[in-house]
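Take the given structure of chain Z and dock chains D and E to it, following the hints.
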Amino acid sequence: MNWTKKDLLEIKDLTKDEILLILETAESFKEISLREIKKVPTLRGKTVITLFYEPSTRTRTSFEIAAKRLSADTINISASTSSFVKGETLKDTGKNLESMKPDVIIIRHSMPGAPHILARTLKSSIINAGDGAHEHPTQALLDLFTIKEKKGKIDGLKIVIIGDIMHSRVARSNIFALKQFDTEIVCCGPATMIPPYIEKLGVAVEYNINRAVKDADVVMMLRIQKERGGISYIPSIREYAILYGLKKAHLEKAKKDVIVMHPGPMNRGVEISDEVADGEYSVILDQVENGVAVRMAILYLLTGREQ
Amino acid sequence: MKKKVFLDKKAIDRTLTRITHEILEKNKGCEDLCLIGIRTRGVFLAKRIQEKIKKIEKKELPLGILDITMYRDDLFKIKLPVVKKTDISFDINNKIVLLIDDVMHTGRTIRAAIDALMDLGRPKKIQLAVLVDRGNRELPIHPDFAGIFYAIGAGEEILVKLKENDGKDEVIIVGTQ
Amino acid sequence: MKILIKKGRVIDPKNNIDEILDVYINGNIIEKIGKNIKEKGVEDFVIDATDHIVAPGFIDVHVHLREPGYEYKETIKTGTMAAAKGGFTSVVCMANTEPVNDNRSITEFIIKKAKLEGSCRVFPCGAITKGLKGEELSEIGDMFDAGIVAISDDGKSVKHSGVLRKALEYSKIFGIPVISHCEDTDLSHGFINEGVASVLSGLDTVPSIAEEIIVQRDIMIAKYVNANIHLTHISTAGSVDIIAREKRNYKYITCDTCPHYFSLTEDATLKFDTNTKVNPPLRSKKDIEAIKEGLKNGIIDIIATDHAPHDLPSKDMEFNLAASGISGLETALALSLTLFHEGVLTLGELVKKFTVNPARLLKLPYGDLSEGNAADVIVFNPYIEWIVDKNTFLSKGKNTPFDGWKLKGKNLLTIVDGKIVYRDGLI
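Chains as they are written, first to last, in the working numbering: chain Z, 184 to 490; chain D, 15 to 191; chain E, 47 to 473.
Treat the hints as calculated values from the structure; they're not laboratory data. A portion of the hints provided could be inaccurate.
Some chain E residues near chain Z, calculated using beta-carbon distances under 10 Å [as the list claims (entries may be wrong)]:
| id | residue |
| --- | --- |
| 1 | I75 |
| 2 | V242 |
| 3 | V245 |
| 4 | L249 |
| 5 | P253 |
| 6 | Y296 |
| 7 | Y298 |
| 8 | D313 |
| 9 | L316 |
| 10 | N321 |
| 11 | N325 |
| 12 | E364 |
| 13 | L367 |
| 14 | A369 |
Negatives, chain Z to chain E, calculated, CB over 10 Å [what the hints assert, rightly or not]:
| id | residue |
| --- | --- |
| 15 | W186 |
| 16 | K188 |
| 17 | D200 |
| 18 | E201 |
| 19 | K269 |
| 20 | T272 |
| 21 | L273 |
| 22 | K274 |
| 23 | E281 |
| 24 | D314 |
| 25 | E318 |
| 26 | R394 |
| 27 | A424 |
| 28 | Y464 |
| 29 | L485 |
Pairs of lysine-lysine residues, derived as DSS-like cross-links and limited to a Cα-Cα distance of at most 25 Å, are as follows [unchecked claim]:
| id | chain 1 | residue 1 | chain 2 | residue 2 |
| --- | --- | --- | --- | --- |
| 30 | D | K93 | Z | K306 |
| 31 | D | K138 | Z | K222 |
| 32 | D | K138 | Z | K229 |
| 33 | D | K91 | Z | K333 |
| 34 | Z | K189 | D | K91 |
| 35 | E | K81 | Z | K274 |
| 36 | Z | K251 | D | K93 |
| 37 | E | K158 | Z | K278 |
| 38 | D | K138 | Z | K284 |
| 39 | D | K24 | Z | K221 |
| 40 | Z | K229 | D | K139 |
Each residue gets a CB set at the ideal place from its N, CA and C atoms; glycine is no exception.
Okay, chain Z solo, but in the shape it has when bound (with noise of 0.2 Å):
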């Protein structure tokens, strides 16, 4: 099949088909970050912007590793350091942006829609690296990669979701790709952190750790803040790592060859203990090389896309 949309804006928006594509790609890029010239001149002489209005390393070291291996030349801009300060709107830095004629712009935003602005306004391919709390859709699809990768299969696994679901948009575009496959999804949390209605996704809710993790193949874990807006969604950071902190004795509930997955970065002692983090069921860092290979392909077929 043929990769033919401008963007990627959403896992909601990709069809199976085009999921797998992307991972069938990946899967013959990761060897490029294993050879000593860790370089192809596939995308040479393009152009990638990586815009960042949230602080991140992972990401955007992630993408911009991405798009050099692929031999594009890389340019990095942060909110800190750009107009954004000086009051420009999304709209105009975008445009601004492209009279400079990139090929592909990376944006993170902290408010959902914000990538959607681009991509209705500019030629250039637009993808999202996550907007405030909707979706992030390469840490989905590097995380099914992962998950293919170590089960063999996505298909009849039981995945958990542990954290505060509500504002993730880790969460969110996970859900959405895996629910394209015969998986059972529990969402597991303190219920301040479950949105009402998640039900209607088709993942169940659970607010108990040791009965959510039971019989898991997958657990996957999200980062925690406590503060959001001024409410306290929780009373104190050591409760919440009581409650839904992972530990190992969890995982004794889970199956056999459990995996831990992490987006990163992680708060250690919080949602995740040392000896889990660092212990043999962790892929935490299998994560991070696939986030490579993943973004490379989505670059290479966002790139030759049919037009």
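Coordinates of chains D and E only, in the frame set by chain Z:
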């Protein structure tokens, strides 16, 4: 559509045997030699040559698979090809790399393959073996070992079919004449 | 001016009229309504209203004219032109201007500007509290003398229950209603309805209870002090339930809803189109059904537009940051007529929600076609199909989620005080 079988199963096998002997003759054996097949059909031919060398020299040469998609010079001008894995698990530094492909035409695929190999290491020598050379070069690149040479006419096409990929072994000329 | 409107189907709910009649306007009053009025040959206009509906001019109890202070979004001139096009002969304009209409001078300014430049009647609504701060009552008496017909802090809810109580009590002196925007801001820290759509889009939410709690609170206080409360832009099933229940024991409750609350669900927000951003937000399918039910069985008395025009830059940005509101005057009639086409309301019931009921609430001598009354008349056709094109709006506000929609029903002629202020080429 006229179809003519240029090489049948037996003829292909004979040709590969001859090429194998030529390779061993030119390289005075198979010291430092490794085989790399260019996807897709080059890989199957490489495997056959590997087996033939094993029979003669009693040695199994390392075999690699090269996907040249990312080095193509026409990548975004055509329908985006599916990228497949490159799998070369041995060191090619200081080796004699024998590139193997089914058909050689303009020379651009081989150019891409050479660029890909250069990114993987520094071979001592690169040699090229093809089953069919159909002429019409656009770059100054030529095979060291060629099965057959056929100058393609107007409206003609030469197709290589291999059992592993297409169900049967044959090289056919398809034409409008 | 002498205007004769012939052969239209006159629908005048107050006088229980629904038949083919002629209407004769002389000067600024309706001189005669009857069968086959003979032309005298001195008429300035003879309008053939065959196949059309002739009704009292509509009264919109909730619009934002933005003047003074936000003239780049709308002016009294452009807003009333849009109103006239939409079939409205009277509008009540809210107080959240800049400066706020919390004193006589602003009230007088609005009334004067409207007389000079307005295409329809403008009745200012005064602010309940000074500066809309929700703390001290504004000089309601002085404003009443200047011409306000109601008070409201719309745009905001009166947070302090004690202040709302005082406002409701004080309003009794002048016999004007308190128009209440119901929103508990401690619960509503977002932009779209809390529902399935919000799970999909990750936008911060406004749960239905944020509206319902204040609906209940405001009614209870009004009941307690025996004052007139009007709840504006009702959007949830829960609100309809509360109002239905309370109306059984207390009769000074009225409420209105807006066309977008029975035409669009929260799903419209999924693509982050800021034209769908409105407060209260678009709700779920269940809520739409309840709103329609509420209109049908009379729980919801009035349809208002909450016309909220915005300039393009205020809307053309991230959903979180974009201004809230829909420019609704020019699509209200057609969207409301879908209720007629769907069998939810008869034409008479529909007209009543725009005429008799608003007039009664505001104690205005309009909203019906009695002989001797002011000539505020409209002619519309419920069947003409047209496509909404925001670029043809007379309002400065092009912020509509209905752009490109094919609608059935169009206003053709608007007469205010005996003057034709809008005429469509089709008539």
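Is it correct that the beta-carbon of K188 (chain Z) has no partner in chain E closer than or equal to 10 Å? At roughly 15 Å from the nearest Cβ of chain E, K188 (chain Z) sits farther out than 10 Å, so the non-interface label holds.
Against chain Z, is Y296 (chain E) within 10 Å by beta-carbon distance? At 32 Å from the nearest chain Z Cβ, Y296 (chain E) fails the 10 Å test, so the hint is violated.
Is the Cβ of A424 (chain Z) farther than 10 Å from every Cβ of chain E? Answer for A424 (chain Z): holds, closest chain E Cβ roughly 25 Å.
Between K158 (chain E) and K278 (chain Z), is the straight-line Cα distance small enough, at 25 Å or below? 44 Å, violated
For K269 (chain Z), is the shortest beta carbon distance to chain E beyond 10 Å? 16 Å, holds
Was R394 (chain Z) rightly flagged as not at the interface, with every chain E Cβ beyond 10 Å? 22 Å, holds
Is the Cβ of D200 (chain Z) more than 10 Å away from each Cβ in chain E? The claim stands: D200 (chain Z) keeps its Cβ more than 10 Å from every Cβ of chain E (closest is about 21 Å).
Once the closest CB in chain E is found, is it more than 10 Å from K274 (chain Z)? 6 Å, violated
Evaluation of the interface hint that places V242 (chain E) against chain Z, nearest CB under 10 Å: 5 Å, holds
Does K24 (chain D) pair with K221 (chain Z) here, judged by a C-alpha cut-off of 25 Å? 43 Å, violated
Double-check L316 (chain E) for me: the hint is only fine if its C-beta lies closer than 10 Å to a C-beta in chain Z. At about 9 Å, which falls below the 10 Å cut-off, the nearest Cβ of chain Z leaves the hint on L316 (chain E) intact, so it holds.
Given pair status - K229 (chain Z), K138 (chain D), alpha carbons within 25 Å: 33 Å, violated
In this structure, the earlier hints numbered 1, 6, 7, 8, 10, 11, 14, 20, 21, 22, 24, 25, 32, 33, 35, 37, 38, 39, 40 are contradicted, and the remaining ones agree with it.
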